[in-house]
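Line by line, the protein sequences give chains H and E.
Those letters in the first sequence? Residues 1 to 254, by UniProt numbering.
Those letters in the second sequence? Residues 1 to 280, by UniProt numbering.
It is possible that part of the hints are untrue.
Capping the alpha-carbon separation at 35 Å, the derived lysine-lysine pairs in DSBU-like fashion look like this [said to hold, decoys possible]: (1) E:K132 with E:K110; (2) E:K179 with H:K252; (3) H:K252 with E:K17; (4) E:K17 with H:K166; (5) H:K252 with E:K110; (6) E:K180 with E:K210; (7) E:K179 with E:K210; (8) E:K180 with E:K132; (9) E:K236 with E:K180; (10) H:K166 with E:K180; (11) E:K210 with E:K110; (12) E:K210 with E:K132; (13) E:K132 with H:K166; (14) H:K252 with E:K210; (15) E:K57 with E:K180; (16) E:K132 with E:K179; (17) E:K179 with E:K57; (18) E:K57 with H:K252; (19) E:K17 with E:K57; (20) E:K132 with H:K252; (21) H:K166 with E:K210; (22) E:K17 with E:K110.
Computed beta-carbon distance windows for the label pairs [as the list claims (entries may be wrong)]: (23) E:D59 with H:T33: 45 to 51 Å; (24) E:D26 with H:V239: 43 to 49 Å; (25) E:D117 with H:A36: 43 to 49 Å; (26) H:P24 with E:L19: 43 to 49 Å.
These are calculated hints, taken from the structure and not from any lab test.
Computed from a predicted model, the values in this text were never measured in an experiment.
Every residue gets a Cβ at the ideal spot worked out from N, C-alpha and C, and that includes glycine.
Take a look at the letters that make up each chain.
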Amino acid sequence: MTTHVLGDTGILTGRSLRHILRSPDTIITTAVTPIALMLLFVYVLGGAITTGSDESYIDYMLPGILLITIASGIAYTAYRLFLDMQGGIFERFQSMPIARSSVLWGHVLTSLVSNLTSVAIVIGVALIMGFRTGAPVGAWLAVAGILILFTLALTWLAVIAGLSAKTVDGASAFAYPLIFLPFISSAFVPTESMPAPVAWFAENQPVTSIVDTMRALFAQEPVGSDIWIALAWLVGILVVAYAFAIAAYHRKLS
Amino acid sequence: MTTEAAIRVQGIEKSFKDLHVLRGVDFDVARGSIFALLGSNGAGKTTLVRILSTLLKADAGTASVQGFDVAANPGDVRESISLTGQFAAVDEVLSGRENLVLVARLRHLKDPGAIADDLLARFSLTDAGGRKAATYSGGMRRRLDIAMSLIGNPPTIFLDEPTTGLDPQARIEVWQTVKKLADNGTTVLLTTQYLDEAEQLADRIAILHKGTIIQNGTLAELKQLLPPATVEYVEKQPSLEDVFLALVGDTGDEDDGETETVDVETSAADRTVRARKEPR
Numbered sequence: 001m002t003t004h005v006l007g008d009t010g011i012l013t014g015r016s017l018r019h020i021l022r023s024p025d026t027i028i029t030t031a032v033t034p035i036a037l038m039l040l041f042v043y044v045l046g047g048a049i050t051t052g053s054d055e056s057y058i059d060y061m062l063p064g065i066l067l068i069t070i071a072s073g074i075a076y077t078a079y080r081l082f083l084d085m086q087g088g089i090f091e092r093f094q095s096m097p098i099a100r101s102s103v104l105w106g107h108v109l110t111s112l113v114s115n116l117t118s119v120a121i122v123i124g125v126a127l128i129m130g131f132r133t134g135a136p137v138g139a140w141l142a143v144a145g146i147l148i149l150f151t152l153a154l155t156w157l158a159v160i161a162g163l164s165a166k167t168v169d170g171a172s173a174f175a176y177p178l179i180f181l182p183f184i185s186s187a188f189v190p191t192e193s194m195p196a197p198v199a200w201f202a203e204n205q206p207v208t209s210i211v212d213t214m215r216a217l218f219a220q221e222p223v224g225s226d227i228w229i230a231l232a233w234l235v236g237i238l239v240v241a242y243a244f245a246i247a248a249y250h251r252k253l254s
Numbered sequence: 001m002t003t004e005a006a007i008r009v010q011g012i013e014k015s016f017k018d019l020h021v022l023r024g025v026d027f028d029v030a031r032g033s034i035f036a037l038l039g040s041n042g043a044g045k046t047t048l049v050r051i052l053s054t055l056l057k058a059d060a061g062t063a064s065v066q067g068f069d070v071a072a073n074p075g076d077v078r079e080s081i082s083l084t085g086q087f088a089a090v091d092e093v094l095s096g097r098e099n100l101v102l103v104a105r106l107r108h109l110k111d112p113g114a115i116a117d118d119l120l121a122r123f124s125l126t127d128a129g130g131r132k133a134a135t136y137s138g139g140m141r142r143r144l145d146i147a148m149s150l151i152g153n154p155p156t157i158f159l160d161e162p163t164t165g166l167d168p169q170a171r172i173e174v175w176q177t178v179k180k181l182a183d184n185g186t187t188v189l190l191t192t193q194y195l196d197e198a199e200q201l202a203d204r205i206a207i208l209h210k211g212t213i214i215q216n217g218t219l220a221e222l223k224q225l226l227p228p229a230t231v232e233y234v235e236k237q238p239s240l241e242d243v244f245l246a247l248v249g250d251t252g253d254e255d256d257g258e259t260e261t262v263d264v265e266t267s268a269a270d271r272t273v274r275a276r277k278e279p280r
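Let the sequences and hints guide you as you build the complete structure.
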């Protein structure tokens, strides 16, 4: 049976990608809010923000916007998983001779594809608004790797929410704090401008190190130790979320 | 192995916290027969079906399907069964045909497209095959659901309340399908709260009550439990179902769902009331 894990995952990923193709609004709504935020910050608030460097403000805040895009996009994964369980198709899959982990991986890979599509749309709009980087291919690949890790980590959090939610609203409500987290980080303003306790929180939460790493990669500056702190956070969240998601999955089946 | 029962349930117990749903259930189902598990709401029918289809683990006792233990060899059990749950488990975003192709591919069968087209024809869904399942009527959705369960010809099929919420014509269609399945050698375990359904379909009937099987036998055997029949003269009145079916025609081949707008609720309620009159 294990020989079919990849094939089954592929088939189930194809199924939920088809859901997205039939309602592309899930990708568009995921991209609309970050784009609106970007317009707001660049053209309204940005003029009053001093970042302490001479780079343009959109270059400064794009990494944070990309994280917000992903944080709002993963809520759809929890939503789709919840609907599968409510509709009974989840139980049909569970009673069939298919690899059980494929059911979750299908949703996770779909989340990866749809979120990276939303991210590409947001980067496209940012380029129109004047975002510029001379980053070489290697730096772009590093940014892509960080965004993929971030998506996977948050998607497994979404799987926990989708599996344990009692209502549709509950399945997607968990994403709000995640969307808010970049605002209390170095994503939009330097942490030095914040009151001491807030600055302490901002400097020690995962978003700041991730944002600083991506910003340095785009600006072709040395990433320093930030990249290791960022990777430690990302891998840590991914492993813990994955473990809890699998535990929640097994609880469903006992 | 051929002499062995298709389904064997011995001393199965299951509790959810303080609620003892199953308190030691025993029964065998012979190969190629239709076995009806009868019980009121909350009797534990669904819990038992979920244990047999490896969705739930029993607290005590053993159960096997086609000779495979549900706890020790769940993978082999899943190869030998198909589950049609209480709620039609179809993907509403996909079309009827895409649903069938999906299941055929997940069962690793050759030529999923041909399998899908064949089943659409068998279940009178060919015209609706390209439409999203979300647009289907209740009866069509149930037919699609059962068609999905037949893919790969599993030797055992579990039908958990397959006709709950269906109108009379759709019920008759489902009954015809189940009879055809058993004629072709498939073992069918059916749960129902409708007594006439068990009477129509089942080779053997077991009554699940308060977590145990309180009776298990053929219809004739169960009838003998009550005092012998007495002869009474009763004026033969057509039932509401007779009237309904005579008015709308009971061919049951409607694909457009139009006929389902007739007040089905009344008739379903009538059924339930009639069922409740029997001793439980």
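I'd like to know which numbered hints this structure contradicts. Please list them from smallest to largest. 10, 11, 12, 22
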